[in-house]
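Work out the full structure, taking the sequences as your base and the hints as a guide.
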Amino acid sequence: AQSVTQLGSHVSVSEGALVLLRCNYSSSVPPYLFWYVQYPNQGLQLLLKYTTGATLVKGINGFEAEFKKSETSFHLTKPSAHMSDAAEYFCAVTGANSKLTFGKGITLSVRP
Amino acid sequence: ETGVTQTPRHLVMGMTNKKSLKCEQHLGHNAMYWYKQSAKKPLELMFVYNFKEQTENNSVPSRFSPECPNSSHLFLHLHTLQPEDSALYLCASSPTPGTYGYTFGSGTRLTVV
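The listed protein sequences correspond, in order, to chains L and E.
Under this note's numbering, think of the first position of the first sequence as 1, with each following residue one higher.
Under this note's numbering, think of the first position of the second sequence as 1001, with each following residue one higher.
There may be inaccurate statements among the hints.
Under the rule of at most 25 Å between Cα atoms (straight-line distance), these lysine to aspartate or glutamate pairs were calculated in the DMTMM-like manner [said to hold, decoys possible]:
no., chain 1, residue 1, chain 2, residue 2
1, E, Lys1041, L, Asp85
2, E, Lys1041, L, Glu88
3, E, Lys1036, L, Glu88
Far from chain L, by Cβ distances over 12 Å, these chain E residues were calculated [to be verified]:
no., residue
4, His1010
5, Thr1016
6, Glu1067
7, Pro1097
8, Gly1101
9, Thr1103
A short, non-exhaustive set of chain L residues, derived as facing chain E with CB atoms under 8 Å [unchecked claim]:
no., residue
10, Leu46
11, Asn61
12, Lys99
13, Phe102
14, Ile106
In case anyone wonders, no lab produced these hints; they're calculated from the structure.
For each residue, glycine too, the CB sits at the ideal point set by N, CA and C.
Written as structure tokens, this is what we have:
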């Protein structure tokens, strides 16, 4: 079984500031990890994913995430926030041949 | 365009109406999913289909009736809904259940009046 914890419901940063969205997971099998972004009234769009190999993965729009097995974490970062990054972000985990389990999501606001 | 198309984008229906939501993908995926997304609540997985067969029903009320005629199409038939059923309904697909992540459609915003 898998689960995802995204602490807090809202993060606010200034434009140009570092974005850090936290995700911790639990999994009884080697995890595959994902970050999705959802803009208002849209579906979820895949930002990046970790399956195997390099633990630092780069995604679209300048985002990246690092898989840390010892910390059971997969935090999402972006060096410099842009106004267009304001959205809701979901972390998700799955194992081989099992369905995706989502966190509750976190809303990112970007202040001018 | 993500490869998963949902229609209609918006739907307003009365509690006694019957309507259907449609989802279509031509990504060659074998698994398809319906999710419900309500305000301030986590994503709720409703149904899972794999190779046209329903493999999961997460205690969804019978007023929601899914149909998967082939691996490319998924429907959600709606009948005598309640106002609390108002939500964004998302369809997703994947090559197989899990593992590779899902491709989502843009959703249908349903309002029950």
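Unsatisfied constraints (hint numbers, rising): Hint check: 4, 7, 8, 9, 11, 14 fail, others pass.
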